[in-house]
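Novice: In our numbering, the protein residues as written are 28 to 399.
Keep in mind that the hints were calculated from the coordinates and are not lab data.
If you're wondering where the values come from, they're calculated on a predicted model, not measured in any experiment.
Treat the hints with care, since some could be wrong.
[Unchecked claim] Simulated restraints on C-beta separations: (1) T218 x G172: 14 to 24 angstroms; (2) E144 x A327: 17 to 27 angstroms; (3) D183 x G320: 27 to 37 angstroms; (4) D394 x R305: 42 to 52 angstroms; (5) D105 x L378: 21 to 31 angstroms; (6) K292 x L238: 18 to 28 angstroms; (7) R33 x E278: 42 to 52 angstroms.
Even glycine gets a Cβ: it sits at the ideal position worked out from N, Cα and C.
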Amino acid sequence: MIVTLRDIIEVMEQIAPASLAEDWDNTGLQVGHPNWRIDKIWVALDPSDEVVAEACEQGISLLISHHPLIFYPLSAVDLETPTGSIIEAALQKKLAIFCAHTNLDSTVGGVNDILAERLGLQGTTALKPLDQTNLYKLVIFVPVGYEKKIMNALFDSGAGKTEKYTHVSFQVKGVGTFKPGAMAKPFKGRTGEISYSPEYRIETLVRKEDLSRVIRIVESAHPYEEMAYDVFATGMENSKEGLGRIGNLMEDVTLEAFAQVIKKKLGLDTVKVAGDPRQKIRRVAVCSGSGRGLFKDFLASDAQVYVSGDLGYHDGRRAEAWGRALIDIGHFASEHLVIESLAVSLKNALLKRDYAVDVKAYVQERDCFYYL
28 MIVTLRDIIE
38 VMEQIAPASL
48 AEDWDNTGLQ
58 VGHPNWRIDK
68 IWVALDPSDE
78 VVAEACEQGI
88 SLLISHHPLI
98 FYPLSAVDLE
108 TPTGSIIEAA
118 LQKKLAIFCA
128 HTNLDSTVGG
138 VNDILAERLG
148 LQGTTALKPL
158 DQTNLYKLVI
168 FVPVGYEKKI
178 MNALFDSGAG
188 KTEKYTHVSF
198 QVKGVGTFKP
208 GAMAKPFKGR
218 TGEISYSPEY
228 RIETLVRKED
238 LSRVIRIVES
248 AHPYEEMAYD
258 VFATGMENSK
268 EGLGRIGNLM
278 EDVTLEAFAQ
288 VIKKKLGLDT
298 VKVAGDPRQK
308 IRRVAVCSGS
318 GRGLFKDFLA
328 SDAQVYVSGD
338 LGYHDGRRAE
348 AWGRALIDIG
358 HFASEHLVIE
368 SLAVSLKNAL
378 LKRDYAVDVK
388 AYVQERDCFY
398 YL
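When you get a sec, could you build the whole thing from the sequences and use the hints?
Specialist: See below:
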């Protein structure tokens with residue numbers, strides 16, 4: 028079976044839906060053609076010139092990075108610029124580049140969940156839940172014998188997902204009625220006669236932003252000329268999707284002791300700390316990458332310490348003033364740990380589809396900052 032870039036993008040959409048990305052972000056395909064054949068994938072943090080050069084040398088067909096290659100709008104592809112030279116190298120070797128950025132930060136099982144889990148947090152929810160996470164109930168009426176086909180279409184399109192489960196649905200058998208008009212081309216029944224059709228009522232959950240797409244996909248698989256369906260707003264919100272995470276440690280520890288635990292678990296020589304080292308810590312907020320954008324959310328929460336990267340001097344002073352604490356672990360350390368996890372998730376998802384694609388985590392990257 029030939030696996031294309033389009034196929035991989037569909038799988039990545041299930042892992043980290045593009046709809047979860049922030050409005051200012053540029054996630055998704057950066058370089059390449061959706062019809063390119065893909066047989067070797069590397070997962071990395073950055074699409075740097077070093078990573079891209081090695082990927083080209085090793086015959087990799089797709090580089091999936093967390094950070095985007097093209098973040099700011101390009102007015103020209105100047106091959107003398109760093110970005111232009113990377114694009115040139117990728118195109119010459121037919122290396123596609125795809126990124127999952129803030130959508131991978133926000134998704135369940137993404138960067139923030141991995142960081143929170145590594146630090147031992149329990150009962151986590153999003154520090155800044157997504158604004159548009161309302162779930163809708165989609166109800167479809169299907170003639171007996173077609174229920175499995177419709178359910179497969181639903182689940183393949185991403186419907187039926189909750190925080191911890193996939194393929195979530197309910198079905199009950201009943202009887203539907205209809206009377207075809209003169210212009211109708213019914214799947215069964217006769218014009219002008221009332222038909223009684225044994226049908227299944229299938230219910231599942233769909234994200235608001237995915238609703239139109241899921242309906243189109245299911246309509247293409249449905250045997251009826253006009254698919255009968257209903258949509259209901261549930262009022263349910265997924266509190267685990269969004270930026271950052273907040274949760275609890277199993278027991279109280281001092282700020283100093285917690286900082287030492289973080290160093291050990293993340294393999295760091297140093298971390299930057301603000302706050303009383305003797306302060307007791309149990310409620311913890313984390314944010315992968317640059318945490319300054321969620322600093323107000325941290326202060327508005329009941330977390331005693333904020334673990335993130337790229338925190339500044341004035342953030343530390345404000346934390347002190349509020350009797351809180353900060354632990355700056357650096358941008359790289361807060362995100363790099365997701366690379367191996369994403370590679371495993373992608374590999375498992377591809378195996379379920381019988382896609383023969385080699386997936387590896389590129390773990391040789393190093394933080395661009397160092398201490399002397």
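Novice: Is the distance from the Cβ of D183 to the Cβ of G320 consistent with 27 to 37 angstroms?
Specialist: 35 angstroms, holds
Novice: Does 18 to 28 angstroms hold as the CB distance between K292 and L238, or does it fail?
Specialist: Between K292 and L238, where Cβ atoms are some 40 angstroms apart, the hint is violated.
Novice: If you check the beta carbons of T218 and G172, does the distance land in 14 to 24 angstroms?
Specialist: Holds: the Cβ-Cβ distance is about 23 angstroms, inside 14 to 24 angstroms.
Novice: Assuming the hint says 21 to 31 angstroms, is it satisfied by the Cβ distance from D105 to L378 or not?
Specialist: About 41 angstroms separates the Cβ atoms of D105 and L378, which means 21 to 31 angstroms is violated.
Novice: Could one say that the CB atoms of D394 and R305 fall in the range 42 to 52 angstroms?
Specialist: 30 angstroms, violated
Novice: Range first: 42 to 52 angstroms. Now tell me if the beta carbons of R33 and E278 are that far apart.
Specialist: 49 angstroms, holds
Novice: Hint says 17 to 27 angstroms; check whether the CB-CB distance for E144 and A327 agrees.
Specialist: With Cβ atoms ~24 angstroms apart, the hint holds.
Checked against the numbered hints given earlier, the structure breaks hints 4, 5, 6 and satisfies all the rest.
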